[in-house]
Amino acid sequence: MLQQILFAFTAIFFAIGGSILFYVGSNLLIDKLLGDNGAPPEKQYRRDKLREQIRPWIFIGPALLFLSVFLVYPVFKSLQLSFWDREGENFVGLANYIWAFGNAGFLTSVLNNLMWLLFVPTMATIFGLTIAYMTDRIWWGQIARTLIFLPMAISFVGASIIWKFVYDFRGPDSEQIGLVNAIIVWFGGEPRALISILFWNNFLLMVILVWIQTGFAMVILGAAIRGVPEDTLEASMMEGASQTQIFFKIVIPQIWPTIVVVWTTITILVLKVFDIVYAMTNGQWGSQVLANLMYNEMFRNGNSGTASTVAVILMLAVMPIMIYNIRSARNSEQ
Amino acid sequence: MSLGTSQTKTSLFIKHAIVILLVTIWTLPTLGLLVSSVRDKDQLTTSGWWTALTTNSQTEVFRLPTAEEQVAVADGYEIRSQLFEPGAKSRITNWGVRADGLTDNQPGRAVPFDDSSTLALAPDGTAVWHSKEKFTHTRGPRLFFGADYPPQFSLDNYREVLASEGVGRAFINTLTVALPATFVPILIAAFAAYALAWMDFKGRFFFLAMIIGLIVVPLQMSLIPVLKLFALIGSTLDVPSKSYVTVWLAHTGFGLPLAIYLLRNYMASLPRDIIESAYMDGATHFQIFVKMILPLSMPALASFAIFQFLWTWNDLLVAAVFLGQGEGKTVMTQQLIELLGSRGDNWEILTSGAFISIAIPVVVFLSLQKYFVRGLLAGSVKGG
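In the order they appear, the protein sequences are chains A and B. The opening position of the first sequence corresponds to residue 1 in my numbering, with each subsequent residue numbered one higher. The opening position of the second sequence corresponds to residue 1001 in my numbering, with each subsequent residue numbered one higher.
These aren't lab readings, by the way, just hints derived from the structure by calculation. Each hint should be verified, as a subset may be incorrect.
Here are the simulated BS3-like cross-link-like pairs (lysine-lysine), alpha carbons at most 27 Å apart as the crow flies [unchecked claim]: (1) 272(A) x 1242(B); (2) 1134(B) x 43(A); (3) 1329(B) x 1202(B); (4) 1202(B) x 32(A); (5) 272(A) x 1228(B); (6) 1015(B) x 249(A); (7) 77(A) x 1242(B); (8) 1228(B) x 77(A); (9) 1009(B) x 249(A); (10) 1228(B) x 1329(B); (11) 1009(B) x 32(A).
Chain B residues, not near chain A, derived (Cβ > 10 Å throughout) [unchecked claim]: (12) 1015; (13) 1054; (14) 1060; (15) 1094; (16) 1105; (17) 1107; (18) 1111; (19) 1146; (20) 1160; (21) 1191; (22) 1213; (23) 1228; (24) 1238; (25) 1270; (26) 1298; (27) 1310.
Just some of the chain A residues that point at chain B, by a computed CB distance under 8 Å [what the hints assert, rightly or not]: (28) 114; (29) 115; (30) 138; (31) 163; (32) 165; (33) 166; (34) 211; (35) 325.
Don't be surprised by glycine CBs; every beta carbon is placed ideally from N, CA and C.
This is chain B alone, in the form it adopts within the complex (with noise of 0.2 Å):
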């Protein structure tokens, strides 16, 4: 449709308006993910993503170091220490040592702290406690403090989770799971598809219809039959009953109905003459599928792929029934979902963890948009 002449300045603002209000609904959610999942850990847990370009002030405890930490100086003797982790850009903003008296003090200039000593605490965060006489205390006091936090972002979300949390592992089994499930089905299915779309044998259509009748079966019918039917083989052919095999046989078992119809709705699209004529010419119809069909029907078998990865990469299901988890085994999903158990509170994990998971999707959907949609539009267009 082209843009309608007739349409006034304020219908045209509210449609941009409520266009602008539904992409922002749209897109806050995982934009909050993504920012958490950079912020400091500690900032992730105490104020809400939206704050994370603000500096955001927190009340916290100190407690000075032993006696075993003096050093002797010119005048007496010197405990040094540092509130802040190293490299931190936050300052001291006040401070006292109860804890209702955080406002009783400024950072910069050393105060009286007890009879024989003072402390001085600068805004970075450096506290020198000094004394004329010897320290002997075996438990520091404390000291309470209030400071600014700038904003602080690191990857140290990710490198966390990708080391201790059994996620990058899981990256590895992912895609060892999603990989050959994505490219044995099509080659599969392609050759069905061509049998269905131009060759000539009884009970064609019988299978035609099965496959579109098969395309909406809920994966939950074939679960438990077919668990049982591993299981009995092997045992007796004694090899495990849930490994990678497993659930590859079951990805492409699940994934060829609809890799059939759509292919085969792309290939009886083609033009019937090259193919007669071809078949006339003596070719067999192996060699029409391998030398002419296929290189014609790359962009539905490119958008099959895309969507059986998408389906494998992010499946749940499948992979906890015929995968099972284990060091070598657990997927992604399962990792999360483990984590969501285990660490549920804990965010700066899960959000980094969920958007590794979410990354390499996201990355193959945007770059092939195209023939994601066209496989869309040709897989939800009714008709054989």
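Here chain A stands alone, though its shape is the one from the complex (with noise of 0.2 Å):
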């Protein structure tokens, strides 16, 4: 065990120098090179054009390296292996495809996914909002922002044991352990197994990724209230103007562009979620997502072909939101 430990300072120590080592060995190599050597000026010149043109390489490259190597190439391999077999070994064409929306669990998924997609961004950004607003004005909000917050520290997996233990069922002789079931009961309710209720067990697993994902909206919408210009708030107050039509009317209004953001910024997250339903259900009664399914054809059935197949069809959905954020990119930059 101390030995792992040393071993992983031990690697820090090794991957930190080692990059310390490249980036000033290089720097550091073409100022010597093409640094001053007494040439005569015009010639001087040219080398230190030339130095300050290579410069920015060795900079990027490295960043260029890895993110060729684990995305970019990755996009277009996963695009071809989805029209190759199983192996990767021979073309099939559009065989995964059509794989694809003639399986039932397929389309379970696409349409868990959308709900998924419906719910999740929707709810968090309406509750992320509300808890921005309210705990904006009271004098212990701080306290309650940082507890509303907290569950994004929390990784899904250990998330989903802790929800899990609140949906516990226990047969209906014995005291309920799950606070679900117990709330269900003291109502005078029979419990139920929650998590293989069909159609209904995909919103209690939704609920995890909303608990964690409300206190991203809190923060993010929290900030642009705050940037609201206090002068139309006044205005509207000397109208005479209700809190609740200062809410609608005013303030939503003015962090609409924020709010689009939150959504966008969930919705990406909601495509990849697949610890949850792992870990919760693994896609049985009814609840598998595309992100497991592909997890499954991949390392449960070995299938390269239709696993990548799925992936595709996920960078496909999240292909418009790229789009946008690249060209809002481009235009805010010229």
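Using the hints, build the complex out of the two chains.
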């Protein structure tokens, strides 16, 4: 055990040391090779120019290498694999896509993903906005915000265990130790195995992600609310607008761009959600989602063709957001 | 916004009430986990965690010892036994010798047990079975009793889960993954971010656009190709294709787009004058970066470090795919998934295991919340 801790620290030392050595070394190297060597000024000017042309590539080179290997190349490779067979050896055309759209598991996943997409970003944004607005004006608001924010630090797996305990089910004869079933019994209802109730169990899983992401929405929207100009609020108060009117007619329109940002950020996260479904149901009882289906296709069925197909479909789903982000970045740059 | 003067007392009250309600809903699940993890494991499975502070009554069965345990006393023979674990503060409320005779006897007084013997059961669980003749039975008779169990808290669950369920080991493994996977990408990203913010080269905007695009690429796209690549490299160089090195590399690759984006935004917002005048004075970009930009960028570096640490610590997918499982490899999240499968009903193990995995990120988060929030704000504001 101690050995492994030492191993980790040695790794940090060598990895960081190695990187520093690369950056410092290569910068010193071009300074030395193309630096001032007493040559005539016009020659030295050319050398200076060449040196400053090379330097950016030293700065950005390692990052580009990593991005190419781990993200750019895989995007094209996955696209290719989605047209190849399970071993990635023979071209099969659209067979994997035809499989997908005829496969009940896949269709359930798409449907569930759509429900996740509608429910989670919307609920997290609404709760985040409500809490941000309400805690903005009370003296213990900071404590309240920290408590709401805390689940963001918890892993999806940890959160799944927390909520599995909340949803726990015991036979009707014994005392319920899960909070939800205890409340059901307290109101005179019959306890149920909540996780396996078809259709509705999806929402029980979504609640976990809403619980985690509300803090995120709250922080971003809270900052936006504090940025709403004071005079617009004062003016509307003078006019005799009520709190509710101010909120819906003054605050919301002004922070609308931020609401869109929060909504899209959570949307992207929802598409990739894997751990919660994997830990809670592993896709049983009609709760499959695309990310977990992809994992199952690859690591249970060993089919890189169908798995890549599912990944490509996920990728297509985030494409509009990606294009929008790049476009708005370009607009603000130029 | 300042406090509106037009707020009435009722609306203020409603506001407090709603916030209290929401905070309660958000906190209860975690509180339940925490309380349960320190409860006695038998109490945990028979009563809700919200009753943890109240005494709860249970009925149980105890088998008296065999004749071998008897000792000779002045007026015959005695078998002594203790119904509760040593140190328990539980009290017997009633007892009987048949399942349907639970309330037959009160603790304290000795009552006839059979023809030749008596049994005295003290409230603290000490049973004295006395007989004038020698005991000969080979199988102890059963005793049914009701008892009050006062709230019992201990760290036993933690001891168990750390020692025998592999969680202690998984903790170290997670640390081994998370620390290098946090610090290496920061360094690489900082250099790239500086180049994108302040250096002049062909394709600068193209790379920036590419990085913004890559932020949202689903991890799922990368898994299979990178795995195949590692397998190929592994078999040609004769090195394991799944190891700590591969998981560090993968986390570095996947973390870079957001890191570069965050740091570039921060660096680009630094005043242009200081960088340009330093450049005019003959400092190279490398000197400017190391001596001026890095120290100035510490808040942004800290923000990203927290992000990346939380992400690598909490990650399941990347570790499952690129590190695999095994004695010295399984990380905490994977260990918890395994426990969910094999010990799915042993909540004393799951709650304490989960809490151990949650503790570190929560401490990091609470102590560095300011930087985390700053990073969130910078990362989600669109525009390059």
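Now the hints, each set against the structure:
In summary, the hint linking residue 272(A) to residue 1242(B) is supported, as the alpha carbons are separated by about 23 Å, within the 27 Å threshold. Pair hint residue 1134(B) plus residue 43(A) does not hold up; C-alpha atoms about 115 Å apart against a cutoff of 27 Å. With a C-alpha separation of about 43 Å, the suggested pair residue 1329(B) and residue 1202(B) falls outside the 27 Å cut-off, and the hint is violated. Annotation: proposed proximity of residue 1202(B) to residue 32(A) holds, straight-line Cα distance about 24 Å (limit 27 Å).
Among the hinted pairs, residue 272(A) with residue 1228(B) is consistent with the structure: their alpha-carbon atoms are about 21 Å apart, no more than 27 Å. Distance restraint check for residue 1015(B) and residue 249(A): the Cα-Cα separation of roughly 19 Å lies within the 27 Å cut-off, and the hinted pair is therefore satisfied. Using a Cα cut-off of 27 Å, the hinted pair residue 77(A) and residue 1242(B) holds, with the two alpha carbons roughly 20 Å apart. Under the criterion of a C-alpha separation no larger than 27 Å, the hint pairing residue 1228(B) with residue 77(A) is consistent with the structure, at around 10 Å.
At roughly 23 Å between alpha-carbon atoms, residue 1009(B) and residue 249(A) fall within 27 Å of each other, so this suggested pair holds. Between residue 1228(B) and residue 1329(B), the direct Cα distance comes to roughly 20 Å. Compliance with the 27 Å bound is thereby established for this hinted pair. Restraint check for residue 1009(B) and residue 32(A): the C-alpha separation of about 74 Å exceeds 27 Å, so the hint is violated. Its closest Cβ contact with chain A, about 5 Å, brings residue 1015(B) to no more than 10 Å, contrary to its assignment away from the interface.
At roughly 13 Å, the least C-beta separation between residue 1054(B) and chain A is larger than 10 Å, which holds for a residue marked as non-interface. The claim that residue 1060(B) is not at the interface with chain A holds, since no C-beta of that chain comes within 10 Å of its own (minimum 15 Å). Chain A leaves residue 1094(B) outside its interface by the beta-carbon criterion, the shortest separation being 20 Å against a cut-off of 10 Å. The Cβ of residue 1105(B) lies farther than 10 Å from every Cβ of chain A, with a closest approach of about 26 Å, so its non-interface assignment holds.
At the 10 Å boundary, the C-beta of residue 1107(B) stays outside the reach of chain A, the nearest C-beta of that chain being 25 Å off. With a closest Cβ-Cβ approach of about 31 Å to chain A, residue 1111(B) is found to remain outside the 10 Å limit, as its non-interface label requires. The beta carbon of residue 1146(B) sits about 16 Å from the closest Cβ of chain A, which is more than 10 Å, so the claim that it is off the interface holds. Distance to chain A confirms residue 1160(B) as a non-interface residue, since its nearest Cβ pair spans about 16 Å, more than 10 Å.
With a cut of 10 Å on Cβ distances, residue 1191(B) falls inside the contact zone with chain A, its closest approach being about 4 Å. The beta carbon of residue 1213(B) is not kept farther than 10 Å from every beta carbon of chain A, the shortest such distance being approximately 5 Å. Remark: the non-interface label on residue 1228(B) conflicts with the geometry, its nearest Cβ contact in chain A lying 7 Å away (cut-off 10 Å). The Cβ of residue 1238(B) lies farther than 10 Å from every Cβ of chain A, with a closest approach of about 20 Å, so its non-interface assignment holds.
With 10 Å as the threshold on Cβ separation, the claim that residue 1270(B) sits away from chain A holds: the shortest Cβ distance comes to roughly 16 Å. Non-interface status of residue 1298(B) relative to chain A is upheld: no Cβ of that chain comes within 10 Å, the nearest being about 16 Å off. Distance to chain A contradicts residue 1310(B) as a non-interface residue, since its nearest Cβ pair spans about 6 Å, not more than 10 Å. At its closest, the beta carbon of residue 114(A) sits 16 Å from a beta carbon of chain B; the interface hint therefore is violated under the 8 Å criterion.
The restraint placing residue 115(A) at the interface with chain B is violated, with a minimum CB-CB distance near 18 Å, outside the 8 Å limit. With a cut of 8 Å, the hint placing residue 138(A) at the interface with chain B holds, because the nearest CB-to-CB distance is about 6 Å. This hint holds: residue 163(A) has a C-beta 6 Å from the nearest C-beta of chain B, less than the 8 Å allowed. Because the smallest distance between the Cβ of residue 165(A) and any Cβ of chain B comes to about 6 Å, under 8 Å, the interface hint for this residue holds.
With a cut of 8 Å, the hint placing residue 166(A) at the interface with chain B holds, because the nearest CB-to-CB distance is about 5 Å. Restraint check, residue 211(A) versus chain B: the minimum CB separation of about 7 Å is within 8 Å; hint holds. For residue 325(A), the interface hint holds, since its Cβ comes within 8 Å of a Cβ in chain B; the closest pair sits about 5 Å apart.
The structure shown violates the earlier hints numbered 2, 3, 11, 12, 21, 22, 23, 27, 28 and 29.
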